[in-house]
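Heads up: the sequence lines are chains A and D, in that order. As numbered in this note's numbering, the first sequence has no gaps in its residue numbers, which increase by one up to the final residue, 176. As numbered in this note's numbering, the second sequence has no gaps in its residue numbers, which increase by one up to the final residue, 723.
Hints in this document: simulated from the structure, not taken from any laboratory. Possibly wrong hints are sitting among the right ones.
Stated by the list, open to error - Partner residues are not named here, just some residues of chain D that face chain A (Cβ under 7 Å, in silico):
hint, residue
1, LEU229
2, ASP230
3, TYR349
4, LEU353
5, VAL384
6, THR388
7, ALA561
8, TRP567
9, ASP569
10, LEU572
11, GLY580
Said to hold, decoys possible - On the chain A side, residues computed to face chain D include the following (Cβ under 10 Å):
hint, residue
12, SER62
13, MET116
14, ASP119
15, PRO123
16, TYR146
17, LEU154
18, PRO164
Unchecked claim - Take a look, some chain A residues computed to stay more than 12 Å from chain D by CB distance:
hint, residue
19, GLY40
20, ALA49
21, PRO76
22, ALA95
23, ASP110
Yeah, the Cβ is synthetic: ideal placement off N, Cα and C, and Gly gets one too.
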Amino acid sequence: MRLTRRDAVAALAAAGVAVGGATLLSDSPEESDESPLDDGTVATLVAAAEVLYPSEVEDIDSFVGRYVRRRNADEPARADAVTDTVAYLDEYTDAWFDAAFADLESAERDDAFRRMSVDTADPVPDGDDVERVRYYVVNELLFALYSSPTGGELVGLENPRGNPGGLASYQRGPQS
Amino acid sequence: MSADRDRTPSPRVDVCIVGAGPAGALIAERLADSGHEVVVLEAGQEFDFDSRLDRMERTIRPAHDGLSVWEMGGERDAYSSTGEWFYPLNVARVKGVGGSTLHWQGMVMRLHESDFETDSRFGVGDDWPIDYADLKPYYAEGEQALGVAGASDNPFAPPRDEPHPMPAFEPSYSDSLFADACEELGVTMHSVPNARNSEPFDGDSKCVGYGTCKPVCPSGAKYDATRTIDDAREAGARVIDQVPVQRLHHDADGETVTSAEYVTPDGTTHRQEAREFVVACGGVETPRLLLLSESSTYPDGLANSSGLVGRYFQDHLFAGTGGVLDERTRQKHVGFLTSGTHQFYDDPSVGTDQGVPAADADRADMTPMKLEFFNYAGPSPVEMALDGETWGDDLLGELREGYGNSIAMGGLVGQRPRKDSYIGLDPSTTDDHGNPVPEVHWRVDDATERAIRRANEIQRAILEELGAEITWQVGPEDTGPAYHHMGTTRMGTDPDESVVSPRLQTHDLDNCWIAGSSVFVTSGAMNPTLTIAALSLKAADHIDDAL
Numbered sequence: 001m002r003l004t005r006r007d008a009v010a011a012l013a014a015a016g017v018a019v020g021g022a023t024l025l026s027d028s029p030e031e032s033d034e035s036p037l038d039d040g041t042v043a044t045l046v047a048a049a050e051v052l053y054p055s056e057v058e059d060i061d062s063f064v065g066r067y068v069r070r071r072n073a074d075e076p077a078r079a080d081a082v083t084d085t086v087a088y089l090d091e092y093t094d095a096w097f098d099a100a101f102a103d104l105e106s107a108e109r110d111d112a113f114r115r116m117s118v119d120t121a122d123p124v125p126d127g128d129d130v131e132r133v134r135y136y137v138v139n140e141l142l143f144a145l146y147s148s149p150t151g152g153e154l155v156g157l158e159n160p161r162g163n164p165g166g167l168a169s170y171q172r173g174p175q176s
Numbered sequence: 177m178s179a180d181r182d183r184t185p186s187p188r189v190d191v192c193i194v195g196a197g198p199a200g201a202l203i204a205e206r207l208a209d210s211g212h213e214v215v216v217l218e219a220g221q222e223f224d225f226d227s228r229l230d231r232m233e234r235t236i237r238p239a240h241d242g243l244s245v246w247e248m249g250g251e252r253d254a255y256s257s258t259g260e261w262f263y264p265l266n267v268a269r270v271k272g273v274g275g276s277t278l279h280w281q282g283m284v285m286r287l288h289e290s291d292f293e294t295d296s297r298f299g300v301g302d303d304w305p306i307d308y309a310d311l312k313p314y315y316a317e318g319e320q321a322l323g324v325a326g327a328s329d330n331p332f333a334p335p336r337d338e339p340h341p342m343p344a345f346e347p348s349y350s351d352s353l354f355a356d357a358c359e360e361l362g363v364t365m366h367s368v369p370n371a372r373n374s375e376p377f378d379g380d381s382k383c384v385g386y387g388t389c390k391p392v393c394p395s396g397a398k399y400d401a402t403r404t405i406d407d408a409r410e411a412g413a414r415v416i417d418q419v420p421v422q423r424l425h426h427d428a429d430g431e432t433v434t435s436a437e438y439v440t441p442d443g444t445t446h447r448q449e450a451r452e453f454v455v456a457c458g459g460v461e462t463p464r465l466l467l468l469s470e471s472s473t474y475p476d477g478l479a480n481s482s483g484l485v486g487r488y489f490q491d492h493l494f495a496g497t498g499g500v501l502d503e504r505t506r507q508k509h510v511g512f513l514t515s516g517t518h519q520f521y522d523d524p525s526v527g528t529d530q531g532v533p534a535a536d537a538d539r540a541d542m543t544p545m546k547l548e549f550f551n552y553a554g555p556s557p558v559e560m561a562l563d564g565e566t567w568g569d570d571l572l573g574e575l576r577e578g579y580g581n582s583i584a585m586g587g588l589v590g591q592r593p594r595k596d597s598y599i600g601l602d603p604s605t606t607d608d609h610g611n612p613v614p615e616v617h618w619r620v621d622d623a624t625e626r627a628i629r630r631a632n633e634i635q636r637a638i639l640e641e642l643g644a645e646i647t648w649q650v651g652p653e654d655t656g657p658a659y660h661h662m663g664t665t666r667m668g669t670d671p672d673e674s675v676v677s678p679r680l681q682t683h684d685l686d687n688c689w690i691a692g693s694s695v696f697v698t699s700g701a702m703n704p705t706l707t708i709a710a711l712s713l714k715a716a717d718h719i720d721d722a723l
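Same shape as in the complex, but just chain D (with noise of 0.2 Å):
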């Protein structure tokens, strides 16, 4: 199915949902599927599927910039980046139907019942208003929803009630290798979940191992939320794709919000009214939305009375370790990975037994991490021969000489929420359509620091047990961010210490409801797309009793 190329707005219906990524095109589908008239609103254009070899041609080969994969840039995506680190906007997001799952890893954790409690159990951060039993029977919608291959090995993750959908792919060659090493230290490996089929579901193939997961998976077997806006389709929704929205409008009263303005590729300005309206852009484009809907009734933003949109802006840090082994390691065979520790992720601080020693910090002066075992250490021969300046048999030598030895771990660590990380307007510089581009301020704070170089220290222990000569390691000095935009939106009961309460439904306007990683409170370090699933469906559910 294509977008509407008809881009009126209907006659006023009963929700409006801003953004086709996974959270909107989840409430999409769900209240789509209960009877309710739905109009969603994408920036972006919705791709052609058949374009996807395409696409991932322009990843492998080096002529081709990486934005131009999934067409991200220019004047439309302008931005500022301003905090004390640097954050690539455009590289973080893909603005489409499917949003950013078009071009993401597909790894899909729930997060842990002390990630919803930090306040309380360890005095940092701030407690969510709800938590992980709330979300439990959510989370397995969402893994249904999503396609979860994965299986109920890991010994650290939260209760669950069911099977994962699918079952998990199997462990890799390279696993293997780790798993002596990780015997050895008492450190425990374990499957990762995945949205990726691992076997043919709810018509989709399973994965062929194109390799190219992240940014393109050609053959759909990775979950992009293109499958959820086709059935959002079938239930009856409405998509109307490259119509971004300029702001949102409310009542006299400023109790509600009337209708979402919007601008089609020809320039025609339109408004789409609705009974309900569900802001669901991402963690940056959200809160830019409110702050550009000013009033005079709320001249610091859309739902901006407690002053904290766009505030906590947080996102995940990558830790990294590899080297090299004396013996062939198989990598980058698939482009996803199968085997994670979480064995640190609730107290980073622990060591074990048998030789990863502890931390010299306690659990309140770091975040929490999770650790990987890559499928895909080392250069790729392909873009080796590609990025060469031989051919023949000499850049076969060089292709032998530079891949089939490498080895690496990975891992996501979590940042604490502050209030001077955030998303603000730079009215300095405008975007296609004159308004002031988003302004990423983003700060990372000494618990986060702390949390990367534990993540390399137990990195380390894990290689050189496994007898790596390790080359390199991504630490605290050269990290950089997952793209995982959360916080901007936060979740609370106070309305003048969050945005949304605790139903998704804004503080300030009983029709506006928000649905995305914004109104996460804390960061956890888990992937967050099945989280935001797991609250959009949520969501969902709110605003059905609403209607």
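If we strip away everything but chain A, and leave its shape as in the complex, we get (with noise of 0.2 Å):
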């Protein structure tokens, strides 16, 4: 199932971010030079959402990539607060992996995911290393895939709730 430039807008807005359909629909240059973000703390988090997201799901990279940058485009604090954590990420695979987190083969990354406990830790957005890694990159990934339509789709929900998806899906079959 493919994730859209749609999908993108929609979990912006879950996440509290108005987006003039223009502005994120458009391939234009400002979109990426907007963001605080560098292009590898982005890479890292493309590859976060590779072992997060289910096997079914297409074009993440794309769709990461626009929901990481205007989200944190007007909000400094919280961009630096990402990166601060993707690169906690880094030092720890790259501690007990050797690499970047974003080089890892994907099992890697699961595998340095649940040896950090990120998979139990409480998400906790000024907590200690492993509940920002929950909060920052799991959380937020999920999130921004769960709240699209797209990502509401593959459980059968296709508008999920902080998707502005309209009146018609509530009133649907499920064959429909």
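Assembly of the complex is requested from the two constituent chains, each provided in isolation within its own frame, with the hints serving as guidance.
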């Protein structure tokens, strides 16, 4: 199932980022220029999403790229927190796997998350390193996916909470 | 528009209103529109509308405390719960311009005729000094003011003379699953009136389906009292936020209120003088303010000659039953209800010939109830994902397993008024201004518990007819309040037995008026805000006359 620009707009809306459709739906270079996240940080988040998202999801890189760049565009403090958290992720995998997170094989990335116990960590934006990984990386990316129409459709809910998907879907049956 | 940054008082105005929730807002708008000079003093802040998407994220992501959505809690909002049943006060209210309508569900039904006459009809509770006919025109005005989407398809509703301002929301797919079971059992379903735009209304968009209505609607399609506050401002009212009123002062004879003393965020104390004062702070803070305003003339609290300020505290109680079906039920697309049944409201003891058994108790042994068919049963996938301990394909498998087949009914049950259920002051704890915090001493009676059991019984019958496997039930042992604070400055004609007159004027002080659910005599089982609106519009007429 393909993640689209529409999904990114919806996920951003759920994350409190009001996006003029034209801004995000265009391929203009301004889209990336306005983000305080560097390309390496974005690439690491894409690599994380490749593990966190189910295998049937496609176009993860463009979806995550659009989402995280715009999400942090007007919030420098938040962008700094994301950058620091991603840096910790790289430090961790460098120590344990001798490579940056994004350079690991998919199974190793999964292993890294579990080894640091992010699966059972509480999401705490100002918590310890692992709690911040849970908040700024794992939950951030899961929130983006499952509040989007395509993420919802994976579960059979095309208008998930947080998505302004209109008033038609609640009236529809499962076969329509 | 934003709140007035100049927080100094106006020269003596016609009307000073304490509280910018729906009651205060409606009175402010009406009186300002009639040409009166109005100042509204609000303890909480005026929230930026553009922050609502951010507040919605806080409701969905588990990292954020629910109280953080509307910034409740802390020393400002400290309270004590001392009754037999714990009362979670701060999740039950919002302080701010708009009041608790900022986080409400938006359900707007009229009380039934019987709610005003429980003593006459059933020999229980007390009669109101007004009846449904007195409120009927104000209900219609209230529906217009709040923007209600509804239909005249409810055979159990009290009489009405005009359609709702907007058409009702269409029934959900889930409603259609209930329809056959209800028909089999002789239970009549009907639409639910919503203070939520089913079409563009008065400059606000139609509902776009964010699904987070309670506690935040980012689109503004759900009514909240900020809309009315905006109208009040346009009509000339002045609204000052973050100015908690500490006490009301009266004249030497104790016949009129002279000023409202408030504190600004920088700690400065001011007094706003006015000809008329309206206390519209909800069912908890209204009696608290009156009790805090004690004086040598009124040693037990302002307007409290009866000793009943704070007494008869009531809420509605939730009754629910849910389970799973072996088919998809399409839940969680929207955050509001579209169908219910009020068939058992006036007499919960009656069964149906087709299979709902009669109760083994009389009407007088139970309180009224309304039943609803949920559109948001079971877990939300996005919240499950954020709370999960896995990801990738494993997580998706868990979400598919957990979401999709849930089905549930809910309902509210009324509470019988009892004097020993009350809001008082707890001098052992003080708020951020050194005032005793509210003491919530909530008690529930046997008739209410019996009605909850009865609601469960009917819900079970319907869900079993539907073929559901019932997996949970919320009954008398684990019920909780619906966050509808009522009864604490009750209305009546006898000054010894009530706090306000049928005109909503306190018996003790001529220029002191009370608006809101605190004046309810009985609770009924309908969500109270439409009745709050109707009573407030009635009060506005009386205050206008007085001016």
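Taking the hints in turn, this is what the structure says about them:
| no. | hint | result |
| --- | --- | --- |
| 1 | LEU229 | 4 Å, holds |
| 2 | ASP230 | 4 Å, holds |
| 3 | TYR349 | 5 Å, holds |
| 4 | LEU353 | 9 Å, violated |
| 5 | VAL384 | 4 Å, holds |
| 6 | THR388 | 6 Å, holds |
| 7 | ALA561 | 5 Å, holds |
| 8 | TRP567 | 4 Å, holds |
| 9 | ASP569 | 5 Å, holds |
| 10 | LEU572 | 4 Å, holds |
| 11 | GLY580 | 5 Å, holds |
| 12 | SER62 | 19 Å, violated |
| 13 | MET116 | 13 Å, violated |
| 14 | ASP119 | 5 Å, holds |
| 15 | PRO123 | 4 Å, holds |
| 16 | TYR146 | 4 Å, holds |
| 17 | LEU154 | 6 Å, holds |
| 18 | PRO164 | 4 Å, holds |
| 19 | GLY40 | 22 Å, holds |
| 20 | ALA49 | 10 Å, violated |
| 21 | PRO76 | 16 Å, holds |
| 22 | ALA95 | 22 Å, holds |
| 23 | ASP110 | 7 Å, violated |
Checked against the numbered hints above, the structure violates hints 4, 12, 13, 20, 23; every other hint is satisfied.
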